[in-house]
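Colleague: Chains as they are written, first to last, in this note's numbering: chain A, 2 to 336; chain B, 195 to 523.
If you are wondering where the hints come from, they were derived from the structure by calculation, not from laboratory data.
Where hints are given, some of them may not hold.
[Claimed, not checked] Per label pair, the in silico range of CB-to-CB distance:
id, chain 1, residue 1, chain 2, residue 2, range
1, A, TRP98, B, ALA244, 39 to 45 Å
2, B, HIS411, A, ARG183, 46 to 52 Å
3, B, LEU317, A, SER240, 47 to 53 Å
4, A, LEU86, B, ARG430, 46 to 52 Å
5, A, ASN137, B, VAL314, 32 to 38 Å
6, B, ALA244, A, TYR83, 44 to 50 Å
7, A, GLY65, B, ALA240, 34 to 40 Å
8, B, LEU320, A, TRP59, 18 to 24 Å
What you are looking at is a predicted structure, and each value in this text was computed from that prediction instead of being measured.
C-beta atoms are modelled at their ideal positions from N, C-alpha and C, and glycine is treated no differently.
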Amino acid sequence: LKASRQRLQTQVQDQPPGITMLTGKHNRYFLRARELRLSAIYCLVLAALLALLALIDWLDNRTGEASVAMTVSVICGFYAVYLTLTDKPWQQRWPEWLLVVILALLVLFNMHGGMEPVYFAYWLPFYLAFALPWRNMLILAGVFSLLFLVRLLWADAALAGQASVTYLVAVLVALAFGWMNRQGELQLTDNMGADPLTGAYQQGQLLHDLRREIPRADRQSTRLTLALIQHPASWSFLSADQRDEHVSMLALRLSESILPQHTLYRLDSDHFLVLMPNSRQSDIEGLESNLGYCLAASESVAEDCLQLLSYRTDDDAATLLQRLLELDQQGREPA
Amino acid sequence: MIDCFDVRIRSPMIRAASLIVVAVLLLLLLINQYWLGMYQRVLVVAISPAVLLLAAVALFLTRHQKSQHWITLPALLALVIPQLILLPDGWRQSLNALLMIPFLAYLVLGRRLAHRFNLVVALVLLLETMIFLPPLTALRSLLIFLLVGLSVAFLAQMIHQKHVVMRSLALRDSESGAFNSRQFAAVLRREVARSERARRPMSLIGMSLEEFGQLLHLHGEMVVAQFLPDLVNAVRDEVRAGDEVFRIRDELFLLMLPDCPEDGAIVLMERIKRQFEQRQWPALADVALSVATVTRIPNETASEVERRLMKRLAKQRRASLQAAAFANG
Numbered sequence: 002l003k004a005s006r007q008r009l010q011t012q013v014q015d016q017p018p019g020i021t022m023l024t025g026k027h028n029r030y031f032l033r034a035r036e037l038r039l040s041a042i043y044c045l046v047l048a049a050l051l052a053l054l055a056l057i058d059w060l061d062n063r064t065g066e067a068s069v070a071m072t073v074s075v076i077c078g079f080y081a082v083y084l085t086l087t088d089k090p091w092q093q094r095w096p097e098w099l100l101v102v103i104l105a106l107l108v109l110f111n112m113h114g115g116m117e118p119v120y121f122a123y124w125l126p127f128y129l130a131f132a133l134p135w136r137n138m139l140i141l142a143g144v145f146s147l148l149f150l151v152r153l154l155w156a157d158a159a160l161a162g163q164a165s166v167t168y169l170v171a172v173l174v175a176l177a178f179g180w181m182n183r184q185g186e187l188q189l190t191d192n193m194g195a196d197p198l199t200g201a202y203q204q205g206q207l208l209h210d211l212r213r214e215i216p217r218a219d220r221q222s223t224r225l226t227l228a229l230i231q232h233p234a235s236w237s238f239l240s241a242d243q244r245d246e247h248v249s250m251l252a253l254r255l256s257e258s259i260l261p262q263h264t265l266y267r268l269d270s271d272h273f274l275v276l277m278p279n280s281r282q283s284d285i286e287g288l289e290s291n292l293g294y295c296l297a298a299s300e301s302v303a304e305d306c307l308q309l310l311s312y313r314t315d316d317d318a319a320t321l322l323q324r325l326l327e328l329d330q331q332g333r334e335p336a
Numbered sequence: 195m196i197d198c199f200d201v202r203i204r205s206p207m208i209r210a211a212s213l214i215v216v217a218v219l220l221l222l223l224l225i226n227q228y229w230l231g232m233y234q235r236v237l238v239v240a241i242s243p244a245v246l247l248l249a250a251v252a253l254f255l256t257r258h259q260k261s262q263h264w265i266t267l268p269a270l271l272a273l274v275i276p277q278l279i280l281l282p283d284g285w286r287q288s289l290n291a292l293l294m295i296p297f298l299a300y301l302v303l304g305r306r307l308a309h310r311f312n313l314v315v316a317l318v319l320l321l322e323t324m325i326f327l328p329p330l331t332a333l334r335s336l337l338i339f340l341l342v343g344l345s346v347a348f349l350a351q352m353i354h355q356k357h358v359v360m361r362s363l364a365l366r367d368s369e370s371g372a373f374n375s376r377q378f379a380a381v382l383r384r385e386v387a388r389s390e391r392a393r394r395p396m397s398l399i400g401m402s403l404e405e406f407g408q409l410l411h412l413h414g415e416m417v418v419a420q421f422l423p424d425l426v427n428a429v430r431d432e433v434r435a436g437d438e439v440f441r442i443r444d445e446l447f448l449l450m451l452p453d454c455p456e457d458g459a460i461v462l463m464e465r466i467k468r469q470f471e472q473r474q475w476p477a478l479a480d481v482a483l484s485v486a487t488v489t490r491i492p493n494e495t496a497s498e499v500e501r502r503l504m505k506r507l508a509k510q511r512r513a514s515l516q517a518a519a520f521a522n523g
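Using the sequences provided together with the hints, build the complete structure.
Modeller: In structure tokens, the structure reads:
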């Protein structure tokens, strides 16, 4: 225990005071960070290509087309900067909607001169699949396709046929990608049992594990204990990133405090649970002691945050989980 | 084990359907161009829908084959080459038609091959336009092609990346429904610690599908993917509530048996093997299973138990092969 405490003390001292949630190779919440990085790169590449296109059009004395390309390039550039500067790009959807509406209007109202803006229409469905959720993408792609195909009726007949075929292929492929992505995501979400922020198991996995552990506890007549760790109510007033940071730090400390045969879960209420099969009184005391030390080091969790619940012979997995959630609820209610 | 997105995008039916849709759209376009008097374009491009329809039929007929690029690559070339031939006479029309290629390539070729194919088409486009068209038009054509191609490439990359990340957080194998190797490593460490502490036995049973590559080749990924959940459910029917099935590699499944002594594990192993042989597998008549078991000895670590099981399983596989060769000979 002493060695473990020394190790923990060193780690606590080494940890920087404010860990960044969205960058860093050790960040577990990498999904959002990677998506953000890729989207920002995509927008910058688009901005660069469009700026080059605008330059070529300007050199070719096509000032109208050059101004359209330059406008879209500037918008993409600004959007890339916005994505890079903001930590929560998809909490507010209005920038994506604004960009999509501007692009759609530029395409629809600039086709009177030549057929150049038609190229923007080809990548618009892909941008929709890239930036918007499936349902929104479906609605917007449908409305835009209708308007675009109607607009093509007034365009040069020789080019309109080819443009409409290419556009239809683009829309169909974008829809196919969007659909396949959504189906794959749904399937993977079903199989995903670990929380991306903390690496702890999710509440769904707890029910599965209880179904395994209860027959084993009955068979071996051993003690099965659940330790609930609640973080203070004051955390709910913190910003999303600050709360994530605290939760992540607490999970790290907890995973270091528990024994190898224990399992850590993050409940839907954001609180943590340690499943302790074959538990002895000394295990619980050890966990309490380690936790007290770790939580004091993190300076953010109240001392009475740990609550214990033991398996009773008349419990099954569902009733035990129910009792746990009731205990969790009671703990959250103000005294 | 393959990605959920990859499973769908590699589906021969999706590929065939997309080629048929494009062929129908091209036929309608040809009729339109014929009415407009663009006879030369109609004559040159007429080969494309025919090749696409033929490729769709070939994709359907060879749907069990693992790789179908030998069909999809020529089909895409049949779309590209006529447009490159017609490019000097009507670059706007041809460029519009060539812009279909990046979309289709990611759908029918897969991500990596599509990256390369589109790059080659972009280079050929640049070369040809530099020869036959003014330099500014050539550059404009290339930029427009890159604009569209990169949009599709980024989307494909983003979807792939998202699925890789999500799969790394998944505990279950999406094909079979069994827990995956990541979860196995965590559970094995936990169970070894419990076994050591409680001084209770812990056993593992390894099950390996023999000639898995040949099964895939003969029956196709889809048939094998349908068989795997049945296999996992059949094993689960034989075990206790606390036991768990894991899929470690394509062909390798492990069964974790906490609090199970060696004789119990041997009895269970024989029962699983017998049930597997007696059961009818309608899709895969020729499937065979190698099984082996180990029981943890005191002070043995998780990796040592696993290594011992793998050795025993390899030995069992060799013995099965020798027995099969002896029976045939």
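Colleague: Against which earlier hints does the structure fall short, listed by number upward?
Modeller: 2
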